[in-house]
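Trainee: Just need the whole structure built from these sequences, with the hints factored in.
Here's the letter readout for the chains.
2 protein chains.
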Amino acid sequence: MTWSDADLGLLPALPMLYVAWADGELTDRELDLLRSSCNLEGLDAWLDPQQRPSATRLRLLLSRIRAAARDLDLDQRHDLVDLGLAIARVEGADWDPKAVESLRALQDALGFHGAEAVAEFLPAGTEVPSPESASVVETSTLAQALDEPRPWVRHETRALLEEPDFQHVGEIGTDAYRTKVFQWLRVLASRGLGGLAFPTSERHDTGAFLAAFETLAFFDLSLVVKFGVQFGLFGGAIRFLGTAEQQRRWLPQVASLDVPGCFAMTELGHGSNVRELETRAVYDPGRDQFIVTTPRVSAQKDWIGNAAVHGRLAVVFAQLEVGGQDHGVHALVVPIRGPRGGARRGVRVVDCGLKMGLNGVDNGRLSFHQVRVPRDHLLGRFAWIDDEGQYQSPIASPTRRFFSMLGTLVGGRIAVAGASLSVAKVALAVSLGYAGRRRQFGPGPGEEVRLIEYPSHQARLFPALVETLVLHLAVHALQRDYADAVDRGGELRGLESGAAALKVRSSRHGVATARAGREACGGRGYAAVNRFAALCADAEVFQTFEGDNTVLVQLVAKDVLTRFRGQFSDGRLLGLARHLETLGSLLLREKNPIVRRLRSEAHLVTRDLHRDLLHGRELELTQQVAGSIASDMALGASPFEAFRDNQLGVLALGEAHIDRLVFEQVERELERVDAPDARHVLDRALTTWALGRLVADRAWFLEHGYLSTDKSKALVLEHSSLLTELAPDVEIVVEAFGIPAQALGAPIAG
Amino acid sequence: MTWSDADLGLLPALPMLYVAWADGELTDRELDLLRSSCNLEGLDAWLDPQQRPSATRLRLLLSRIRAAARDLDLDQRHDLVDLGLAIARVEGADWDPKAVESLRALQDALGFHGAEAVAEFLPAGTEVPSPESASVVETSTLAQALDEPRPWVRHETRALLEEPDFQHVGEIGTDAYRTKVFQWLRVLASRGLGGLAFPTSERHDTGAFLAAFETLAFFDLSLVVKFGVQFGLFGGAIRFLGTAEQQRRWLPQVASLDVPGCFAMTELGHGSNVRELETRAVYDPGRDQFIVTTPRVSAQKDWIGNAAVHGRLAVVFAQLEVGGQDHGVHALVVPIRGPRGGARRGVRVVDCGLKMGLNGVDNGRLSFHQVRVPRDHLLGRFAWIDDEGQYQSPIASPTRRFFSMLGTLVGGRIAVAGASLSVAKVALAVSLGYAGRRRQFGPGPGEEVRLIEYPSHQARLFPALVETLVLHLAVHALQRDYADAVDRGGELRGLESGAAALKVRSSRHGVATARAGREACGGRGYAAVNRFAALCADAEVFQTFEGDNTVLVQLVAKDVLTRFRGQFSDGRLLGLARHLETLGSLLLREKNPIVRRLRSEAHLVTRDLHRDLLHGRELELTQQVAGSIASDMALGASPFEAFRDNQLGVLALGEAHIDRLVFEQVERELERVDAPDARHVLDRALTTWALGRLVADRAWFLEHGYLSTDKSKALVLEHSSLLTELAPDVEIVVEAFGIPAQALGAPIAG
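In the order they appear, the protein sequences are chains U and H.
The opening position of the first sequence corresponds to residue 0 in numbering that gives the first Met the number 0, with each subsequent residue numbered one higher.
The opening position of the second sequence corresponds to residue 0 in numbering that gives the first Met the number 0, with each subsequent residue numbered one higher.
Note that identical chains are pooled: a pair holds if it fits in a single copy or bridges any two copies.
Heads up, simulated DSS-like pairs for lysine-lysine below, C-alpha to C-alpha not over 30 Å straight-line:
hint	residue 1	residue 2
1	Lys557	Lys590
2	Lys590	Lys712
3	Lys557	Lys712
These are computed hints drawn from the structure, not numbers from a lab.
Every value quoted in this text rests on a predicted model; they were computed, and no experiment measured them.
Mentor: Following this line, the structure appears as structure tokens:
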């Protein structure tokens with residue numbers, strides 16, 4: 000650690016210069032002050048407003064000052080000038096006492112005071128590591144933290160994926176691919192992975208089923224989807240909507256794959272709007288049977304997995320009619336194929352044909368022409384026909400009954416969220432691995448530099464790595480909550496919004512990361528053998544199925560708006576008062592002119608700041624959107640119109656809520672991580688992610704008075720410097736994901 | 000047009016309320032003023048700061064006031080209160096004279112004065128259309144404008160694509176697909192489309208070649224790429240790097256496809272860094288031949304189109320060595336296959352195998368083991384070996400010679416830009432068509448609403464439509480400039496940066512639009528038959544080949560920085576002075592406290608504002624990045640390190656430059672559009688696009704003092720209201736793209 004001659008004379012001023020620049024750009028006033036009040040030699044080079052020192056230069060300066068500061072006694076560090084003088088003394092440098100006097104005046108004028116300003120240079124475990132530094136955490140420690148909950152089934156599934164049979168298919172026709180996936184599925188069933196989902200099985204463990212699903216997604220997404228259709232959706236519908244008797248009758252055969260089946264909800268005319276679906280099931284008391292019918296083209300069951308080839312039974316969602324009366328959407332078990340694979344009488348199956356991806360899954364379109372099924376094929380947990388042919392249900396409200404039927408979807412969404420993150424992890428493992436080996440361009444002939452050393456490369460992949468870690472923790476927390484709720488037989492509706500939120504965020508992130516990884520690998524990323532072809536194409540539809548992402552964000556926002564309205568209806572003014580109090584105290588704190596200009600590093604990385612800003616944005620958007628909807632309705636708009644016309648606000652509110660939800664969920668989840676070094680890495684990931692979210696939407700925060708422009712710029716700098724600090728941990732984090740080598744394929748040569 | 004009872008009493012105040020809200024959110028001060036100074040009944044509902052009126056409500060109010068204003072005499076429209084009173088009079092409404100007096104006081108306090116404020120309500124052709132309004136332009140008029148330049152070849156190519164042979168392939172193996180594409184290519188060659196590219200052909204017309212390429216991209220991208228490899232890259236290399244004699248020898252066979260060929264530049268170890276490629280061509284004076292060799296694995300020519308199956312010749316880029324001296328990268332014509340398709344001795348070909356997309360193109364990896372070619376196979380326009388075995392070149396500087404060799408790439412980049420936009424057009428045609436038919440959710444059972452009526456759907460697709468129009472004009476301008484330059488035999492380097500800029504922006508836009516279209520079509524978008532599978536997978540690599548986008552943005556920025564530095568070196572201070580003067584006058588204008596708060600609709604849509612902001616950002620970034628690089632170097636960083644450490648700033652500068660370039664290019668191009676209604680539509684597209692670019696980066700403009708927060712919010716509103724106004728034109732714009740019906744496939748049912 001030596002200083003250049005040019006800097007030696009400047010030593011007393013350097014800490015102050017660092018602080019001045021590091022907090023954002025210097026204002027003209029500040030520059031004038033600096034220039035006019037102090038004439039240390041070499042100072043000019045630091046004071047050109049058009050030549051802001053680069054982040055690298057500042058980082059170097061910081062680590063040099065920190066290193067020097069480490070050797071000083073505590074009492075030599077009163078303020079920035081003292082610190083500079085102390086360093087100069089140690090380094091044996093000369094300085095001009097007059098200049099130093101003017102430095103002190105300047106320090107006062109700029110308002111850089113005392114311990115807080117000096118704190119930045121104290122080596123309190125906040126040393127900035129260079130990309131060459133060693134990581135602070137061991138792979139195994141981090142892996143252990145990431146493998147919770149249900150680590151045992153993750154290990155078991157990884158071992159399975161290393162067996163010789165689980166090799167990626169190359170160019171293979173659709174028929175052969177479907178057959179291959181079905182064979183793989185048989186293996187999974189025979190090892191009892193399907194049975195994890197069902198109380199009729201000895202291995203029953205809801206959390207383990209989700210963990211297995213997530214781990215399988217490292218390998219082949221057609222297999223994962225087929226696994227999900229059979230055990231999660233088809234079996235899940237029987238498990239959640241069927242009686243105990245119906246579960247005993249069907250679930251063992253579902254678990255063993257003796258009876259492959261379908262989940263027939265979506266219709267050609269009604270994807271997202273399930274309540275309006277048109278398939279009919281009419282009870283015929285004469286023969287004590289239901290007659291299932293597809294009344295028109297738009298009522299065909301579309302995109303049904305397992306329908307084109309393998310499915311023998313289907314859980315069919317239909318409008319139930321009993322004694323001439325409609326009872327809304329209910330689920331029935333309908334045989335669609337005989338034991339030899341031929342379609343049952345009255346059942347018509349059309350193959351959905353070639354898709355963008357997931358061609359190992361046999362999607363089909365089903366229609367029913369007077370198909371009769373016995374009375375006890377109506378899944379009877381929430382409603383049944385009694386022996387007198389009367390409709391019975393313990394749930395009086397048709398709306399509540401409808402939502403009970405949809406409860407099946409919650410688990411599916413959590414599963415998709417986990418699988419999406421596995422996609423992101425594979426994409427990051429391949430692309431970061433390549434970036435660590437591949438060299439391109441350099442200072443001279445034959446001296447090319449590794450891709451990972453380029454800021455553009457880091458900017459493309461590091462934020463994705465951070466978001467993967469954060470969403471990983473959020474999804475794992477939700478896996479635990481869901482498994483607890485299911486195993487307690489409890490209410491799932493409380494998890495609906497959170498499941499939708501994480502399904503949206505994770506599926507979007509999975510696809511985006513797969514694409515970013517492809518681009519980061521250039522032409523190599525385009526070769527099918529390097530996984531991106533399948534990752535991009537297969538995961539694409541994760542954004543659409545199990546609930547279209549745009550529809551789900553609105554579901555999340557509606558939930559926020561409903562709770563907001565609820566605060567008013569019970570105890571009206573009290574609720575409003577409470578809301579305004581929270582918002583008010585937030586605004587008081589964050590819109591305070593001092594706070595909104597605060598920009599020390601210590602302040603920018605605090606949880607409180609992040610929580611306040613994320614929370615404040617959500618509260619303001621809630622009030623704004625709710626108010627705008629209410630006033631549109633006051634002007635005569637129908638609720639539907641008012642909601643639609645405010646749709647962009649609703650979506651912004653949904654996204655803001657998801658940000659806060661993820662933040663708080665991960666904050667809580669971090670408390671479960673025992674190993675301090677693993678916790679440190681994950682904790683920093685959350686800070687970096689939160690800063691990233693604020694930076695991405697800083698225009699909103701600026702426009703709504705939460706940030707001064709200087710603080711906004713300081714956030715950008717802090718975020719990018721935290722990202723850079725990730726470099727030494729990248730390899731370890733990727734290894735800790737625990738992707739089976741075989742699933743990853745051969746590494747791309749450098 | 001009737002008013003509700005609640006609004007009748009408010010009529011005198013409504014114009015003012017509209018203006019107050021429409022320019023952004025009201026400040027607390029303004030609200031207090033309004034509330035305290037005026038007590039018209041019903042006013043409170045309009046003054047809740049948390050219940051900003053929705054865009055819809057404001058739009059309704061605007062059109063109602065406008066409709067009323069139309070019936071008034073001009074002299075009744077002095078100011079907003081007069082306007083309100085006149086309307087109230089016409090409507091026979093009562094009002095309280097005291098309240099009106101306070102309204103006038105208020106008008107003064109808020110500074111809403113005179114004709115400018117009232118102008119907003121004058122029906123001067125600025126009526127806000129509802130989605131149901133008719134478009135202002137005819138399809139054929141717009142199509143005519145969009146088909147320039149070289150409309151004839153676009154018509155000819157469209158007709159070709161309607162022939163029965165040009166049907167999309169469904170599920171087809173790679174071998175069969177490659178054969179099919181080669182057959183199609185034979186048809187194109189036989190119709191003389193390849194010959195367009197070559198001066199040896201009667202049909203030679205560089206602009207027409209680019210127009211044909213762009214039109215073919217409506218259909219199958221494997222065919223387009225194969226077309227580009229054969230005629231654009233392989234043939235183009237001979238055309239641009241070969242002597243007249245070499246052109247006459249080879250080009251007729253290239254044009255007729257009798258000799259399929261390859262463009263062998265990229266190497267396994269060197270994709271973007273062409274200058275460092277390792278293949279060697281050593282001149283052997285004894286036998287007057289070159290010996291072409293692949294010295295190591297990383298020197299293999301990789302991803303070479305036409306190499307795996309069809310290519311017979313290859314233009315190989317290699318380091319040329321003559322008499323023991325290296326002369327840098329040169330191109331040689333090397334036979335790789337005999338007439339029967341077997342590889343020539345010493346040539347090794349490996350099939351690149353399955354890719355994410357473009358599987359109709361046979362990419363291969365080539366290596367050479369002591370392959371001998373005659374002396375006259377060195378493409379000799381810029382360098383040759385004379386009869387004495389001496390190296391000769393009219394270009395003294397090796398660097399300039401190297402860039403002359405790379406000039407071949409310019410045309411390819413322009414071609415890829417055009418093809419990328421065709422991808423976007425197909426994606427928009429399919430998704431907007433579906434959105435116009437498909438209904439989902441609605442105010443009540445059986446009353447579902449078309450997807451296109453949802454703001455979220457518009458927000459996803461309309462900006463893409465606008466950007467497609469804008470980039471279309473920019474790319475067509477470049478097609479014209481390029482064809483002129485080539486046909487004049489002029490210098491292409493001046494077009495290099497622009498070609499790179501539009502290649503980057505268009506390829507990114509094409510892929511993003513294909514993905515957005517897929518998502519907008521939900522599950523239907525996932526079926527291969529609906530085109531998105533191919534569009535997404537095939538166009539993905541457009542971001543990487545013909546120059547990786549990240550590398551190209553840096554090329555663009557380097558060009559800006561070089562010119563900036565150039566301003567200093569010739570006449571040093573004068574250049575700097577000129578730069579500072581431009582920047583200064585911009586800052587003076589745009590950072591002026593009045594201007595940065597201006598937010599009337601008329602101001603927000605002016606070209607001058609947009610140009611100033613785009614220009615100002617570019618100039619500030621130029622100075623900042625140049626300064627930062629210079630000061631890093633002053634601190635001892637090598638040029639390479641300094642550039643790399645400032646890479647993110649360099650990329651931001653490149654993007655800012657591209658924005659301004661596109662803006663100014665399209666501004667000029669609009670002057671060529673004669674039909675006023677077509678021009679109106681395209682003009683508005685440019686305004687909407689420019690606003691969109693400013694809105695997307697408004698955090699930067701806020702942080703750098705160009706916008707007040709109120710003006711920023713007003714820009715957001717103006718942008719979204721302009722997007723909404725697009726609705727009546729959507730169908731016509733899409734039709735005007737002129738996508739052959741057969742290329743589009745069957746429309747998805749609603």
